[in-house]
Amino acid sequence: MSHTIHSKPLLRTSVLIPVLLLLTSATSSALAQDKKVKNPLLRDRINSGNTVTEFLKPIQNVQVTPLAAGAIISFDTREGANPTVRIGKTAPTQEPRGRDGKLQWVFKAEDEVPAYIPPRSRAAVGPTTHRLRLQPVLAPNTTYFYIIEILNGGQLVQETGSFSTISRRVKVVFQKINVLRGGDDTGTGDLMFQFFTNYDQTTNRKFDWLGGRSNPLKIADGGSTNVGKEYSLSNIDDLHLAVNGYDEDFLTVGAPAAGGPNSVQVAYPLDGAGHNRAGAWNVAKADFDLSSAVPSDKPTNVPFMLYSLPIPNNTGQDVAFAVSGYYTILPSLIRLRNSIYETIKVPNKVQQAPAIGRRFKINP
Numbered sequence: 353m354s355h356t357i358h359s360k361p362l363l364r365t366s367v368l369i370p371v372l373l374l375l376t377s378a379t380s381s382a383l384a385q386d387k388k389v390k391n392p393l394l395r396d397r398i399n400s401g402n403t404v405t406e407f408l409k410p411i412q413n414v415q416v417t418p419l420a421a422g423a424i425i426s427f428d429t430r431e432g433a434n435p436t437v438r439i440g441k442t443a444p445t446q447e448p449r450g451r452d453g454k455l456q457w458v459f460k461a462e463d464e465v466p467a468y469i470p471p472r473s474r475a476a477v478g479p480t481t482h483r484l485r486l487q488p489v490l491a492p493n494t495t496y497f498y499i500i501e502i503l504n505g506g507q508l509v510q511e512t513g514s515f516s517t518i519s520r521r522v523k524v525v526f527q528k529i530n531v532l533r534g535g536d537d538t539g540t541g542d543l544m545f546q547f548f549t550n551y552d553q554t555t556n557r558k559f560d561w562l563g564g565r566s567n568p569l570k571i572a573d574g575g576s577t578n579v580g581k582e583y584s585l586s587n588i589d590d591l592h593l594a595v596n597g598y599d600e601d602f603l604t605v606g607a608p609a610a611g612g613p614n615s616v617q618v619a620y621p622l623d624g625a626g627h628n629r630a631g632a633w634n635v636a637k638a639d640f641d642l643s644s645a646v647p648s649d650k651p652t653n654v655p656f657m658l659y660s661l662p663i664p665n666n667t668g669q670d671v672a673f674a675v676s677g678y679y680t681i682l683p684s685l686i687r688l689r690n691s692i693y694e695t696i697k698v699p700n701k702v703q704q705a706p707a708i709g710r711r712f713k714i715n716p
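Quick note on the numbering used here: the sequence shown kicks off at 353 and runs consecutively.
Don't take every hint at face value.
Claimed, not checked - No more than 25 angstroms apart at the CA atoms, straight line, and that leaves these computed lysine-lysine pairs for DSS-like:
(1) K637 x K570
(2) K441 x K454
(3) K523 x K637
(4) K460 x K528
(5) K523 x K581
(6) K637 x K528
(7) K523 x K570
(8) K581 x K637
(9) K570 x K581
(10) K523 x K409
(11) K454 x K409
Claimed, not checked - Distance windows between CB atoms, simulated:
(12) Q412 x G453: 25 to 31 angstroms
(13) D552 x V489: 24 to 30 angstroms
(14) E462 x E431: 32 to 38 angstroms
(15) T652 x N493: 20 to 26 angstroms
(16) V489 x D639: 22 to 28 angstroms
(17) V414 x T554: 35 to 41 angstroms
(18) P651 x N628: 16 to 22 angstroms
No wet-lab data here; the hints were simulated from the structure. In this text, a Cβ means the ideal position worked out from N, Cα and C, and glycines have one as well.
Start from the sequences and build out the full structure, keeping to the hints where you can.
Put into structure tokens, the structure is as follows:
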């Protein structure tokens, strides 16, 4: 049996194939262009001579830079979006809202934090990137939740998450001691002082001294001495300061009366003023509430003055003094730097980086 091969139909097919491919390509391109016009989240980008079509999520690449009493939130949206950021103390829940009853993420009214975002804090870093700095209304060392929302094609789009603010850092400086009475009838006392910060805590407890048995401070009544003691504390709401001061003579004779120091290494504040035949002692204390103190980029020194307690029985050989210094609420440890995510090129393959436009990274 013989088979006849017809060449003309094959020729027609060979002519039609390129035409069909051209029509298909043109139609696909037109549909893609039409789709991009209707969908602002699609865009073309030239990569190594090839056109790559990217689809942008309505909200993506959320990054939170926590501060001690606020936060900086950065994220990407489509161009022209006007996002809203809500902050809450507890995790949001989904509830039906609006006429259509669609589920939306919401905070309970009592849990939402009035984190007002002033217009000047809203920085359009790139065409699609938003950077918002919350005013300092958040508590340090606390976990918060956020809801970011925009209208996309008339539909509400939301993104949720959480972050924790950093702890409050405080610097304490003891600067100077003014001696009112040095505990010696000669007018010049052999003195020693002990310094305490947050002595009732474990992690922030600081202890130091000035002078001692082998090198007492010889200070006349009405004189003074520089201290220069500095300490750093973190995650505190209250600051407790105390300074023990006493005449060194009693240490070489014997233990004083009950309640007084009996060693150079006494690591607790005294209960009050006192004296015995060997010497005298006193204490200056003060407490500060820092729960509402807010860190600033330009921190200021808050001065303090600690006065020793009244002397119960004035014998002329008592110890009385005042300690001056200051504390400072330190700024956040986190600084920001700009960084651009770029396309990652792999041999024979192009992998798109997740972020588009200018982003912010934490630079510790």
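These are the hints, each one checked on the structure:
Distance check on the hinted pair: K637 and K570 sit about 23 angstroms apart at the alpha-carbon level, within 25 angstroms; holds. For the proposed pair K441 and K454, the alpha carbon gap of about 24 angstroms is at most 25 angstroms, so the pair holds. At most 25 angstroms may separate the alpha-carbon atoms for a hinted pair to count; K523 and K637 meet this at roughly 17 angstroms. The hinted pair formed by K460 and K528 fails the criterion: a straight-line CA distance of about 51 angstroms is larger than 25 angstroms.
Simply put, K523 and K581 have alpha-carbon atoms about 11 angstroms apart, close enough for the 25 angstroms limit, and the pair holds. Proposed proximity of K637 and K528 is supported: the alpha carbons are some 15 angstroms apart, at most 25 angstroms. Under the criterion of a C-alpha separation no larger than 25 angstroms, the hint pairing K523 with K570 is inconsistent with the structure, at around 29 angstroms. Between K581 and K637 the CA atoms are separated by roughly 16 angstroms; this keeps the pair inside 25 angstroms, and the hint holds.
A distance of roughly 19 angstroms separates the Cα atoms of K570 and K581; the hinted pair therefore holds under the 25 angstroms criterion. About 44 angstroms separates the Cα atoms of K523 and K409, which puts this hinted pair outside 25 angstroms; it is violated. For the hint pairing K454 with K409, the CA-to-CA distance comes to about 20 angstroms; that is within 25 angstroms, so the pair holds. Between Q412 and G453 the beta carbon distance is about 27 angstroms. The supplied range of 25 to 31 angstroms therefore holds.
Distance hint check: the CB atoms of D552 and V489 are about 29 angstroms apart, consistent with the given range 24 to 30 angstroms. At about 36 angstroms, the beta-carbon gap between E462 and E431 stays in the expected band of 32 to 38 angstroms. A beta carbon spacing of about 22 angstroms between T652 and N493 agrees with the range 20 to 26 angstroms that was offered as a hint. Roughly 25 angstroms separates the CB atoms of V489 and D639, a value that falls within the hinted 22 to 28 angstroms.
Take V414 and T554: their Cβ atoms lie about 36 angstroms apart, and the range 35 to 41 angstroms holds. Remark: the range hint 16 to 22 angstroms for P651 to N628 is contradicted by a beta-carbon distance near 44 angstroms.
Taken one by one, the earlier hints fail for this structure at numbers 4, 7, 10 and 18, listed in ascending order.
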